[in-house]
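Asks: Sequence:
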Amino acid sequence: MMQSSLFVHHQPTPVTSVDLLGQGRQALIDANLRLGLALAEDEIDYLQDAFTKLGRNPNDIELYMFAQANSEHCRHKIFNADWVIDGEQQPKSLFKMIKKHLRNHARLRSLCL
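Just so you know, the numbering used here puts 17 at position 17 of the sequence shown, and the rest follows in order with no gaps.
Hints listed in this document are in silico derivations from the structure and should not be mistaken for laboratory results. Incorrect hints may have been included.
What follows is a set of in silico ranges between Cβ atoms, one per label pair, in the way DEER data are often shown [what the hints assert, rightly or not]: (1) R34 - I78: 34 to 42 Å; (2) G24 - F95: 34 to 42 Å; (3) H9 - W83: 44 to 52 Å; (4) L6 - Q26: 22 to 30 Å; (5) R107 - T16: 31 to 39 Å; (6) D82 - S5: 47 to 55 Å.
Note that CB positions come from ideal geometry on N, CA and C, so glycine has one too.
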């Protein structure tokens with residue numbers, strides 16, 4: 001019988017702690033780069049404040065979960081943001097502008113669905 005390598009059992013990677021309380025903000029900045037979290041400055045500020053108030057260090061799993069839940073892919077922060085074009089505040093977000101365009105151009109809808 002042929003063995004499949006699709007489902008290979010691996011030992012889980014140990015959970016690691018980020019020493020925010022000992023090293024401060026720089027610990028989060030380093031973890032952000034090391035773990036590839038793509039956290040923005042305001043998100044790092046939020047995490048620093050939240051875990052300092054909790055009086056404990058975050059672990060890598062918590063940081064991964066926060067980064068994923070707050071990612072552009074999940075939250076569409078850019079697409080839902082307010083837009084200013086040529087100095088003029090736009091009445092709709094980019095998401096709403098795209099949806100309006102698709103509603104007005106029915107033939108394009110089939111390409112996007």
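Asks: Which of the stated hints cannot be reconciled with the structure, identified by number in ascending sequence?
Replies: 1, 4, 5
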